[in-house]
Each structure stands twice: as C-alpha cells, then as structure tokens.
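2 protein chains.
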Amino acid sequence: MRRLYFHRDSERGVKGTYDWLAEELEELKEALEGKDKEATEKEFADVIAWLASLANITGINLEKAAIDKYNGKCPKCHQSPCQCTF
Amino acid sequence: MRRLYFHRDSERGVKGTYDWLAEELEELKEALEGKDKEATEKEFADVIAWLASLANITGINLEKAAIDKYNGKCPKCHQSPCQCTF
Numbered sequence: 008m009r010r011l012y013f014h015r016d017s018e019r020g021v022k023g024t025y026d027w028l029a030e031e032l033e034e035l036k037e038a039l040e041g042k043d044k045e046a047t048e049k050e051f052a053d054v055i056a057w058l059a060s061l062a063n064i065t066g067i068n069l070e071k072a073a074i075d076k077y078n079g080k081c082p083k084c085h086q087s088p089c090q091c092t093f
Numbered sequence: 008m009r010r011l012y013f014h015r016d017s018e019r020g021v022k023g024t025y026d027w028l029a030e031e032l033e034e035l036k037e038a039l040e041g042k043d044k045e046a047t048e049k050e051f052a053d054v055i056a057w058l059a060s061l062a063n064i065t066g067i068n069l070e071k072a073a074i075d076k077y078n079g080k081c082p083k084c085h086q087s088p089c090q091c092t093f
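Chains as they are written, first to last, in this note's numbering: chain H, 8 to 93; chain G, 8 to 93.
By construction, these hints were calculated from the structure, which means they are not laboratory data.
Just to be clear, a hint being listed does not mean it is correct.
All copies of an identical chain are treated as equivalent in the list; a pair is satisfied when it fits inside any one copy or across any two copies.
To be verified - Each computed DMTMM-like pair below joins lysine to aspartate or glutamate, with the alpha-carbon atoms no more than 25 Å apart:
#1 LYS76 / GLU40
#2 LYS49 / GLU37
#3 LYS44 / GLU34
Based on the sequences and whatever the hints tell you, model everything.
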C-alpha cells in the first residue's frame, strides 16, 4: 500500500484520508446490509486499504500496532479466548 | 482475532459489531487530532481488531479480500505506483 499510494496519500493529508476511510466504512455498512458476499469482500478490502494509507502518512506501522496490542491475548483480561465480563 | 473473540463477536452480531467499529473509528479521529503517537497506534490496533471481528462473523477472510483486490497494483489503473488521474 505504501509503494502504491504513498505519494497520493501524502498530498491528500491526514484529514482528507480519514474522510475517505469514513466514507468507505459507510459503503461497507451498505454492502453488509445487501448480502452480496463478493461486494462485501471488496468493501472490506477498501476499508483496510484506506486504513493502511492513513497509517502510512502518520508514520505508523499498522501490522506492528495490531501485534503490539493484540499479541494472541486479550489486552484487557490477558486471556485467550477473551474472558472479559463487560 | 478469530480465536480470541469469535464467540463474543458472534453473540453481538453484525450490526452491533459494526457499531463498535464505527465508534473505534471516531476514537482514532480524536487520537489523530491529539498528536500522541502511542495513543494513535493503539486506536489503529483497535480499528483493525474490530474490522477483523466483523470480517470473522460475516465469514470473510480479511487478508484474502485485501490481496484479491490490491495485489501489488492499483485496481483502477493497474499500475504501481498508482497513476490514476482522479
């Protein structure tokens, strides 16, 4: 994603990229209501692509961030599977 | 994520899980405005965790969906880096 889109994402900036991501999340919502699995897969792909773009321009490694917080255990109860009672 | 949270996510359902995801995206927005990199990383982790949860309960493989659509090339112009002129 960095190689593909970093130059464009940087020009668009954090706010503009966030707004695109929020729009993609709305499209995912519509796809989920529509029950078309292939269309839903594509919307999931778009959301993760824009999330990766946003991470790239803010200098954050998305995969590392996820692993740091969710490293095989729930960050709240430290168990797997999660045993939280919220 | 599946192993950690699938039982809970399934009980919550698609709509409830989507709503959590949307809330996490709002928290990410606030974190991005706050300039605290560590807090922002954690919010990115939360968004991707909830996105993975949503994919799990809808029977979609998030990684496969992303690779199918963005396999090293822009899905619109088929170039890398993207050369779209939108």
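Evaluation of the provided hints:
Taking identical chains as interchangeable, the C-alpha atoms of LYS76 and GLU40 lie at most 25 Å apart only when they sit on different chains, with a minimum of 21 Å there against 30 Å within one chain. In this assembly of identical chains, the alpha carbons of LYS49 and GLU37 lie at most 25 Å apart only when taken from the same copy (12 Å versus 27 Å across copies). In the homo-oligomer, the alpha carbons of LYS44 and GLU34 lie at most 25 Å apart inside one protomer (13 Å), although the nearest pairing across protomers, at 28 Å, exceeds that limit.
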